[in-house]
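Chains as they are written, first to last, in my numbering: chain A, 756 to 1059; chain B, -9 to 221.
Hints may contain errors.
[What the hints assert, rightly or not] Within a straight-line C-alpha distance of at most 30 Å, the following computed BS3-like cross-link-like pairs (lysine-lysine) qualify:
id: 1; chain 1: B; residue 1: Lys173; chain 2: B; residue 2: Lys71
id: 2; chain 1: B; residue 1: Lys71; chain 2: B; residue 2: Lys167
id: 3; chain 1: A; residue 1: Lys847; chain 2: B; residue 2: Lys137
id: 4; chain 1: A; residue 1: Lys847; chain 2: B; residue 2: Lys71
id: 5; chain 1: B; residue 1: Lys71; chain 2: B; residue 2: Lys40
id: 6; chain 1: B; residue 1: Lys183; chain 2: B; residue 2: Lys173
[Unchecked claim] One side only, chain A facing chain B, incomplete, derived with CB under 10 Å:
id: 7; residue: Gly763
id: 8; residue: Gly826
id: 9; residue: Pro828
id: 10; residue: Phe831
id: 11; residue: Gln837
id: 12; residue: Phe846
id: 13; residue: Pro851
FYI, nobody ran anything at the bench for these hints, they're computed from the structure. Here a beta-carbon is modelled for each residue, glycine too, at the ideal position from N, C-alpha and C.
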Amino acid sequence: MSDSFFSGAPHWTWFIILYFFVGGIAGGASLLAAILDWFGGTEDRPVVRTGYNVAAVGAIVSGALLTIDLGRPLRFWHMIFQSANFPAVMFKGWSPISFGAWGLLLFGLFAVLAALGGMAEEGRLHNPALRAVGGAVRGGLAKLVGGLAGLLGVFIAGYTGVLLSVTNRPIWADSPWLGALFIASGMSTGAAALILLAPRRGATEQSLARLSAFDTKALAVELLVLVLFLASLGSVNRVWIGFWGLVLLVGVVGLGILAPLRLHLQRRPLASAAKLVLLGGFLLRLATIFVSEGIEHYRVTAGM
Amino acid sequence: MPEPMGFFTDTTVCIGCKACEVACKEWNQLPAANGGIGELSGDSYDNTRKLDGIHWRHVRFIEQFKGPYDGRWLMMSDVCKHCVQAGCLEVCPTGAIIRTEFDTVVIQSDVCNGCRACIAACPFGVIDVNPVSGTAQKCTLCYDRLKVGLEPACSKACPTDSIQFGSITELRTRAHKRVDQLKAQGVKAELAKSATFSAASAAVLGVLALVGLRKRRMDEQSRGGGGAGNV
Chain A
756 MSDSFFSGAP
766 HWTWFIILYF
776 FVGGIAGGAS
786 LLAAILDWFG
796 GTEDRPVVRT
806 GYNVAAVGAI
816 VSGALLTIDL
826 GRPLRFWHMI
836 FQSANFPAVM
846 FKGWSPISFG
856 AWGLLLFGLF
866 AVLAALGGMA
876 EEGRLHNPAL
886 RAVGGAVRGG
896 LAKLVGGLAG
906 LLGVFIAGYT
916 GVLLSVTNRP
926 IWADSPWLGA
936 LFIASGMSTG
946 AAALILLAPR
956 RGATEQSLAR
966 LSAFDTKALA
976 VELLVLVLFL
986 ASLGSVNRVW
996 IGFWGLVLLV
1006 GVVGLGILAP
1016 LRLHLQRRPL
1026 ASAAKLVLLG
1036 GFLLRLATIF
1046 VSEGIEHYRV
1056 TAGM
Chain B
-9 MPEPMGFFTD
1 TTVCIGCKAC
11 EVACKEWNQL
21 PAANGGIGEL
31 SGDSYDNTRK
41 LDGIHWRHVR
51 FIEQFKGPYD
61 GRWLMMSDVC
71 KHCVQAGCLE
81 VCPTGAIIRT
91 EFDTVVIQSD
101 VCNGCRACIA
111 ACPFGVIDVN
121 PVSGTAQKCT
131 LCYDRLKVGL
141 EPACSKACPT
151 DSIQFGSITE
161 LRTRAHKRVD
171 QLKAQGVKAE
181 LAKSATFSAA
191 SAAVLGVLAL
201 VGLRKRRMDE
211 QSRGGGGAGN
221 V
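Put together the whole structure using the sequences plus the hints.
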């Protein structure tokens, strides 16, 4: 038996699951927006702007979810500054949660700036201060800000999996593939969110086709990494025998990966596939967290 | 600079009285579980069950029962190990978990924000959230008592000296002595006895097998058949 069975559950439940899901979408959307910003054409601008908006809103929601989840929410700033030695910075490069707090802060900063730049481009900013900031983010600076938001987006989508892998908990600590799996899922759900939201902002058919092609590839990678993840768990896989295993098999693999892959390949309506991808991405986080959270160490030690 | 301090828990003399648990809760003013309403585990004589944010000491009852009248208890008072390479300390993003001058690992409750990363990092299931403070908590090795030269509450209260407190160097020597003492008292003798019995059993079985074989051959000869061995 893996010795991870003798550790305690950290009670990371609904807020954290939602954060992993929203953070993944925001990270994936941000990377896609940055790629199209740098290498796409003018027809991709609606998707780029939508991507940065999704990233900005996602980063803000993520920060709120993480803060609410704390035992002492008003001490959220202890992650950034040394509480006993303010304003000295609190940063541990070897702790994923410390690294992640800084990553989310910077991601949020660049995503919001990129989103303001996009809104200024559309002429949608009425507040003078915001218009001034948004107006400043253009040309080369806009590309730089967008690029940084995209790179940090990949980090946000993936570090959550690494964070789980460096715990001592069953499933999470028993495989090195969770970070890669969450990145793949973040990319597929990010693309799915853009497929659903970008048409309202005037996305072209060509852009949507690109998103669909990207989503297909991301889903294929996600399936491959999921297989590698399960293969790497070895005997720990017995934990999946039960409700959460069913959710993983039917909800994530069936509805969240295979069904939308089929829809994408058959060039069926994109929205249906995108909704299924989002459902699968959420269920992946749900099953991965709860399958481990449900193992109580005192029952393991008592042999129950 | 004070010496590194710690506990030596001798499980062979623990009687499961839980005096250490009570002393710990009293000194550290830890709240009662379930709002003070008695809650039975229902499947064990141990009703506190585990270490967590309000149980910094826990006497584990390892109950080995084959039936209602055939079984035994093993008692083990468990606590934070104050690891040399502490996962909780490494992962803590707020710097709330520190190493003290006694080489112990302590969570500063006024710094912790309850992110719970340390709970998942601890390989021994020691840390959990104290619902009253909303922060992660565990044994401090009675840091406040050590500062004024007192020994921790649990070891002070232990009636059988199952929990002994002292400098790590001294405790190691004491632990080695105790192991030697236990071996001299019977573990080695038991081993010798067991080995003798095993050898005797093997010899008896061998003799019985030879006798059986001899009898079969004699039976075969008396029938006048003559086996392959009889030339």
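Hint status (Cβ of proline 828 (chain A) to nearest Cβ of chain B, threshold 10 Å)
Because about 8 Å separates proline 828 (chain A) from the closest Cβ in chain B, which is inside the 10 Å limit, the hint holds.
Take the shortest C-beta to C-beta distance between phenylalanine 846 (chain A) and chain B; is it under 10 Å?
holds, 9 Å
Given hint lysine 137 (chain B) paired with lysine 847 (chain A) - CA-CA distance at most 30 Å
holds, 29 Å
Would you check the hint for lysine 173 (chain B) and lysine 71 (chain B), treating anything up to 30 Å between C-alpha atoms as holding?
Holds, at roughly 25 Å.
Straight-line Cα separation of lysine 71 (chain B) and lysine 40 (chain B) no greater than 30 Å?
holds, 15 Å
Can the hint on glycine 763 (chain A) be confirmed by a CB-to-CB distance to chain B that is less than 10 Å?
holds, 4 Å
Hinted pair lysine 71 (chain B) and lysine 167 (chain B), Cα distance within 30 Å
holds, 21 Å
Holds or violated: lysine 183 (chain B) and lysine 173 (chain B), Cα atoms, limit 30 Å.
Distance of about 13 Å is within 30 Å: holds.
Compare the distance between the alpha carbons of lysine 847 (chain A) and lysine 71 (chain B) with 30 Å, and conclude whether the hinted pair is satisfied.
holds, 23 Å
Regarding the hint that glycine 826 (chain A) lies at the interface with chain B, is the smallest CB-CB distance below 10 Å?
holds, 2 Å
Is the interface hint for glutamine 837 (chain A) satisfied, with its Cβ closer than 10 Å to some Cβ of chain B?
Holds. Min distance 6 Å.
Measuring from the C-beta of phenylalanine 831 (chain A) to each C-beta in chain B, is the shortest one below 10 Å?
holds, 6 Å
The structure is consistent with each of the numbered hints, conforming to all of them.
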